[in-house]
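Residue numbers (our numbering), protein chains in the order written: chain A, 1 to 178; chain B, 179 to 356.
Worth flagging that the hints you see were computed from the coordinates, not collected in a lab. One should not assume that every hint holds.
As the list claims (entries may be wrong) - Examples of chain A residues lying across from chain B (beta carbon under 10 Å, computed):
{"#": "1", "residue": "109"}
{"#": "2", "residue": "160"}
{"#": "3", "residue": "161"}
Ideal Cβ positions, reconstructed from N, Cα and C, are used throughout, including at glycine.
If you want the building blocks of each chain, they are given just below.
Protein chains: 2
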Amino acid sequence: MFEFALLGLLHEAPMHGYELRKRLHDLLGAFRAFSYGSLYPTLRRLQRAGLIVEEGPEEPALSWGRRARKVYKLTPEGKERFADLLANAGPQTWDDDSFGVHLAFFSRTPADIRMRILEGRRRCVEERREGLRERLTRTGEQIDRYTRELHRQGLESTEREVRWLNELIAHEQSEQDE
Amino acid sequence: MFEFALLGLLHEAPMHGYELRKRLHDLLGAFRAFSYGSLYPTLRRLQRAGLIVEEGPEEPALSWGRRARKVYKLTPEGKERFADLLANAGPQTWDDDSFGVHLAFFSRTPADIRMRILEGRRRCVEERREGLRERLTRTGEQIDRYTRELHRQGLESTEREVRWLNELIAHEQSEQDE
DNA sequence: CGAACGATGTATCGCGGCGATATAATCACC
DNA sequence: GGTGATTATATCGCCGCGATACATCGTTCG
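Given the sequences, and given the hints that come with them, work out the whole structure.
See below:
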C-alpha cells in the first residue's frame with residue numbers, strides 16, 4: 001500500500017521523505033491517513049530492495065541553507081514493480097485500501113486495466129452489501145437501536161459506494177465509445 | 179480497540195474465542211473486520227493482564243462430544259477496565275475505530291457519557307470535513323479527474339457522517355427532555 | 001460405507017502500519 | 001534575542017492482519 005503509493009509518487013519526480021508525505025496527504029488524504037512512522041521505514045525497505053536509490057548530493061553549493069535531506073529516485077526495477085502493482089488489483093476485500101491508490105494513479109493507467117480494477121472493486125463491495133443486508137434481516141429486531149443504526153450507516157455507505165462505482169464505470173465506457 | 183470490544187462482549191456472558199469472533203462480526207461487522215490473528219493474541223494479553231480468566235472445566239460430563247474450548251470470563255479488574263474505556267472517548271481522529279465500539283455498547287452507557295462521545299466524534303469529523311474542503315479548493319483545478327473524484331467521495335461521506343451524528347444527537351436530546 | 005466438505009475450534013508467525021517521541025536546523029516575527 | 005511554527009529525519013514498541021496449520025464434528029452425496 002505505502003510501497004505502491006510511494007513508487008507512484010516518485011514516478012513524477014525524485015523527492016525526499018517530508019515532501020512525499022505532503023504529496024501523499026494532498027493526493028490521498030481524502031481516504032487515508034499517512035504517518036511518518038511508516039514512511040521512513042518503508043523508504044528504507046524500498047531502498048534495500050533496490051527499488052529506489054538515494055540521489056547524489058547534486059547542486060551542493062546552490063541555494064545552501066537547506067538542511068540535510070535525502071532525495072530518492074526510482075530505479076528501473078522500481079518502475080517495473082510499480083507497473084506490476086498498477087496492473088493487478090490488490091486483495092479483493094472491502095476494507096483494502098489499495099483501490100484508493102489505484103484510483104489516484106488512474107490517469108497513468110491503461111483503459112482496460114482501469115476497467116478491471118473498477119469492476120473488481122464493485123464486485124467485492126457488492127458482496128459486502130449483500131452480506132450486510134442478509135445480516136440486517138437475520139438479526140432483525142432483536143438488536144438494540146444503536147447497533148442497528150451502525151448497521152444502517154454501514155449498509156448505506158456501501159450502497160453509495162456501489163452507485164459511485166457504477167457512475168465511474170459508466171463514464172469509463174462512454175469515453176471508450178467515443 | 180479489540181480489547182475494548184472483547185471486554186464489552188464478555189460483559190454479556192462468558193465465551194470462548196470462536197464465539198466471540200462471531201458475536202463481534204454480528205455486532206460490529208458493519209464497520210470493521212475482525213481476524214483471528216488478533217483475537218487469540220488479544221485474549222492472551224487480557225489474560226496476562228488479569229482482566230479475564232479461563233473458566234474451570236465445569237460440566238465436564240454434560241453434553242460431551244464438544245471439542246476443546248477455552249471459555250473466558252471477566253474479572254472485577256476487567257469490568258473496571260471496561261468501565262474506564264466506556265467513559266472516555268478514544269483518540270479523537272477521524273480514522274479511529276473506537277467510536278464504532280462505543281456505539282455498539284451505547285445501550286449500556288449512561289446518557290451524559292453517550293452525549294460526550296457523540297459530540298466528540300462530531301467535532302473531529304467536522305474538523306476533517308473542513309480540512310477536506312480547504313484542500314479541495316486549494317488544489318482546485320490542477321488535479322486530475324480521478325483524484326478529484328476521490329476527494330469528492332471522501333468529502334461527501336464525511337458530510338453524511340456529520341448529518342448522521344446530528345440526528346443521533348438530536349434524538350438523544352429529545353429523549354432526555356421527555 | 002466411506003469420502004469429501006464445511007463448520008467449529010485454537011493457535012502462531014512475520015510483516016506492515018501507527019502513535020509517541022526525540023532531535024535539530026531554519027524561518028518569521030516581535 | 002527569544003519564541004514558536006515549519007522543515008526534516010528517524011526509531012521504538014505495540015497492534016492488527018493475512019496466511020497457515022491442525023484437529024474434530026456433522027452432513028451430504030456417491
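Against the structure, the hints:
no.: 1; hint: 109; in the structure: 9 Å, holds
no.: 2; hint: 160; in the structure: 7 Å, holds
no.: 3; hint: 161; in the structure: 8 Å, holds
In summary, this structure violates none of the numbered hints.
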